[in-house]
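Protein chains: 2
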Amino acid sequence: MAAIQYELIKQCSHTGARAGRLHTPHGTFDTPIFMPVGTQGTVKAMSPHELKEMGAGIILGNTYHLFLRPGHDLVAEAGGLHSFINWDRGILTDSGGFQVFSLGDLRKITEEGVAFRSHLDGSKQFLSPEKSMEVQMALGSDIVMAFDECVPYPAEYDYAKQSTERTTRWAERCREAFCGGNRQGLFGIVQGGMYKDLRSQSVRELVSLDFPGYAVGGLSVGESKPLMYEMLEHTVPQLPSGKPRYLMGVGTPDCLVEGVLYGIDMFDCVFPTRVARNGTVMTHTGRLVVKNAEFARDFRPIDEHCGCYTCRNFTRAYIRHLFKAEEILGLRLTTIHNLYFLLQFMRDMRQAILEDRFVAFRDNFRAGYELAR
Amino acid sequence: MAAIQYELIKQCSHTGARAGRLHTPHGTFDTPIFMPVGTQGTVKAMSPHELKEMGAGIILGNTYHLFLRPGHDLVAEAGGLHSFINWDRGILTDSGGFQVFSLGDLRKITEEGVAFRSHLDGSKQFLSPEKSMEVQMALGSDIVMAFDECVPYPAEYDYAKQSTERTTRWAERCREAFCGGNRQGLFGIVQGGMYKDLRSQSVRELVSLDFPGYAVGGLSVGESKPLMYEMLEHTVPQLPSGKPRYLMGVGTPDCLVEGVLYGIDMFDCVFPTRVARNGTVMTHTGRLVVKNAEFARDFRPIDEHCGCYTCRNFTRAYIRHLFKAEEILGLRLTTIHNLYFLLQFMRDMRQAILEDRFVAFRDNFRAGYELAR
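Protein chains in written order, with our numbering: chain A, 1 to 373; chain B, 1 to 373.
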């Protein structure tokens with residue numbers, strides 16, 4: 001049996017939204033799903049126990065970071081990433097591509113791969129489709145991502161075309177080098193910049209390689225939200241309906257709703273955890289900077305309707321105090337809340353799809369969001 | 001009924017060690033007990049849930065810190081410290097004395113009290129016996145400590161005598177200002193420096209004020225361990241056996257064993273949590289710097305016999321990785337381990353006392369500790 005299988009449960013009758021299940025070697029998870037990011041082998045400030053309690057299913061690991069530290073050999077020696085970090089649910093690893101391209105002057109791209117210098121010690125390193133597969137196979141993640149180039153924004157048509165075609169060639173090399181058997185599944189990543197014909201070309205070429213799932217890459221990289229939605233509307237319907245679709249690096253509520261509307265099943269983003277550590281929390285009506293003075297004597301929870309550990313036990317005033325006093329518990333509590341908020345938001349969307357009221361859900365959400373501006 | 005009552009369960013037949021129970025308005029706790037320190041309204045890096053899971057009974061709060069931030073008025077408005085920090089077990093607050101005296105040039109001591117400048121914003125502040133009582137009553141801790149002066153080490157006899165006598169006068173003023181009813185109990189603090197006659201004088205004077213419990217202060221302030229033990233041997237037996245005895249600021253295993261041996265029931269110290277945040281963990285045979293390179297591929301738990309969340313779930317190699325990557329989970333895991341280690345160490349001592357084998361327990365412990373040097 002294939003390592004990764006998607007089961008479509010319910011298709012929205014008015015939009016592309018769909019509810020499904022993702023079967024992985026470490027469990028079956030409801031989609032649409034938000035996946036917390038665990039860059040260096042830990043979702044920042046969280047324990048695996050807390051992640052389970054909030055209902056997290058799949059978390060991310062970053063190949064670039066784990067490759068440099070502690071090294072994939074060490075992780076393999078520990079029995080793989082699941083065992084190393086004590087997480088028995090799903091893990092998806094990215095390919096390392098996005099991080100090395102982000103290094104700017106510190107990296108050089110050739111057809112063979114990407115030479116770069118480690119941000120940790122300046123040492124010379126090299127990642128290629130083959131190397132990325134080797135590393136991700138050592139990590140043992142359930143879902144392995146193909147090594148791609150994320151087309152920057154803005155990009156000239158010619159560059160975007162050449163880059164997208166190289167991503168296809170690299171995807172072929174990944175497929176060749178990858179042997180995950182029934183333990184790991186390899187996803188292809190659609191590129192194409194903001195050019196519809198290149199997006200179509202990328203989809204066509206990758207689908208011909210028959211991956212068990214597809215990511216839409218190169219979005220949320222600086223373009224406007226309407227442009228991102230346009231690209232999604234154009235791209236997602238071309239992907240096979242029997243395979244999961246993953247929108248990389250997107251995690252604000254408004255974008256999640258639109259992503260689901262166009263038929264995306266999986267999302268990840270550092271946004272909820274990163275802003276949490278700065279004292280910002282997410283609610284249905286927008287963000288709250290809980291460390292602000294206005295909350296000093298506010299003895300209500302962050303959100304009275306939220307069921308997370310933080311909201312069940314602590315007040316805004318206490319969390320604000322913890323941030324002022326620079327106590328670790330403060331950012332733990334905001335991180336728990338933000339992740340729970342997004343996970344619950346996805347569960348609510350799924351329920352709406354199952355009950356065929358997703359359009360109303362989206363309208364309600366947008367009304368509340370607008371109201372708060 | 002008095003807020004704080006001590007129940008003697010078993011007296012060791014060969015030493016001063018004793019097993020008992022401490023009854024407080026927020027529950028009954030087995031003694032001898034180690035109390036984790038929650039300086040600013042949180043035991044650093046821990047949640048109340050985790051503290052309960054490891055079996056913590058009473059935690060400390062610091063009057064000096066909470067007085068300055070968020071302020072005792074705000075805490076009172078939140079319903080008291082228990083409610084503010086969501087902790088329904090015991091809380092002991094110190095008097096603020098030790099912290100203000102530690103400010104050095106920033107404070108001035110008079111008979112009335114101590115004028116000082118806040119370490120946060122340089123603002124002028126004043127603490128006195130009456131003010132300390134007002135603050136601690138607003139905080140609503142189960143156990144309130146008298147406002148004392150900790151005699152520095154070394155100190156001339158004359159200074160130590162004057163200071164100790166002032167501590168008695170301040171204790172009288174505290175007793176006068178304090179009205180905890182059946183909600184809070186006020187402990188006196190024995191001083192006297194390293195002078196036995198002053199220690200005896202201090203005990204005599206404080207016991208005449210009839211507090212529901214007594215602390216031994218001014219130890220572990222720079223003197224040698226043998227000198228500290230000598231002072232304990234001299235002082236503790238003079239305290240009434242029907243009241244709890246609290247040795248302030250002591251929390252290394254060797255000192256805990258000796259403290260218990262001389263008849264101490266309660267301990268607190270920032271040591272286990274502070275060293276944990278630096279990557280040092282405690283074991284029966286001494287300390288381990290888990291962030292060191294030697295543990296990079298050590299896939300054993302910190303301590304194979306330990307029942308804490310950390311040891312049940314994570315390896316030294318993973319914890320070492322978390323410290324190298326500066327991930328918060330690393331210091332959370334070492335903090336959990338160190339606190340659990342000390343709480344369990346106290347439970348083991350108590351069991352040994354109950355079974356009248358405390359002397360053997362101490363000998364065993366010392367042999368293991370010596371061996372590890």
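No lab work stands behind these hints, which were simulated from the structure alone. Hints may contain errors.
For chains that are exact copies, the list does not tell them apart, and a pair is met inside one copy or across any two.
[As the list claims (entries may be wrong)] Below, in silico cross-link-like pairs of lysine-lysine (DSS-like), each with a Cα-Cα straight-line distance of 25 Å or less:
| hint | residue 1 | residue 2 |
| --- | --- | --- |
| 1 | LYS124 | LYS324 |
| 2 | LYS108 | LYS161 |
| 3 | LYS196 | LYS108 |
| 4 | LYS52 | LYS196 |
| 5 | LYS324 | LYS196 |
| 6 | LYS324 | LYS44 |
| 7 | LYS324 | LYS108 |
| 8 | LYS10 | LYS324 |
| 9 | LYS161 | LYS44 |
| 10 | LYS225 | LYS161 |
| 11 | LYS196 | LYS161 |
| 12 | LYS10 | LYS196 |
| 13 | LYS108 | LYS131 |
| 14 | LYS225 | LYS196 |
| 15 | LYS196 | LYS131 |
| 16 | LYS225 | LYS324 |
Evaluation of the provided hints:
Taking identical chains as interchangeable, the C-alpha atoms of LYS124 and LYS324 lie at most 25 Å apart only when they sit on different chains, with a minimum of 20 Å there against 41 Å within one chain. Within a single copy, LYS108 and LYS161 get their C-alpha atoms as close as 19 Å, which meets the 25 Å cut-off; across copies the closest is 74 Å, which misses it. For the identical chains of this complex, LYS196 and LYS108 are neighbours neither inside a copy (27 Å) nor across copies (74 Å), given an alpha-carbon limit of 25 Å. For a Cα distance limit of 25 Å, the shortest separation of LYS52 from LYS196 qualifies neither inside one copy, at 39 Å, nor across copies, at 56 Å.
In this assembly of identical chains, LYS324 and LYS196 lie within 25 Å of each other by CA distance neither inside one copy nor across copies; the values are 48 Å within and 44 Å between. For the homomeric pair LYS324 and LYS44, the shortest alpha-carbon distances inside one copy (20 Å) and between copies (14 Å) are both at most 25 Å. Taking CA atoms no more than 25 Å apart as the test, LYS324 paired with LYS108 passes in neither setting, with 43 Å inside one copy and 27 Å between copies. Neither within a single protomer nor between protomers do LYS10 and LYS324 lie at most 25 Å apart by alpha-carbon distance, with minima of 47 Å and 45 Å respectively.
For a Cα distance limit of 25 Å, the shortest separation of LYS161 from LYS44 qualifies neither inside one copy, at 36 Å, nor across copies, at 53 Å. In the homo-oligomer, the alpha carbons of LYS225 and LYS161 lie at most 25 Å apart inside one protomer (22 Å), although the nearest pairing across protomers, at 74 Å, exceeds that limit. For the homomeric pair LYS196 and LYS161, the shortest alpha-carbon distance inside one copy (11 Å) is at most 25 Å, but the shortest distance between copies (87 Å) is not. For a Cα distance limit of 25 Å, the shortest separation of LYS10 from LYS196 qualifies neither inside one copy, at 28 Å, nor across copies, at 81 Å.
Taking the closest pair of Cα atoms, LYS108 and LYS131 come within 25 Å of each other only inside a single copy of the chain (16 Å); across copies the shortest separation is 66 Å, beyond that limit. Taking identical chains as interchangeable, the C-alpha atoms of LYS225 and LYS196 lie at most 25 Å apart only when both belong to the same chain, with a minimum of 16 Å there against 76 Å between chains. Proximity of LYS196 to LYS131 under the C-alpha cut-off of 25 Å is found in neither arrangement, the shortest distances being 31 Å within a copy and 72 Å between copies. Taking identical chains as interchangeable, the C-alpha atoms of LYS225 and LYS324 are never at most 25 Å apart, the minima being 34 Å within one chain and 38 Å between chains.
Going down the numbered hints, you'll see the structure goes against 3, 4, 5, 7, 8, 9, 12, 15 and 16, while the others check out.
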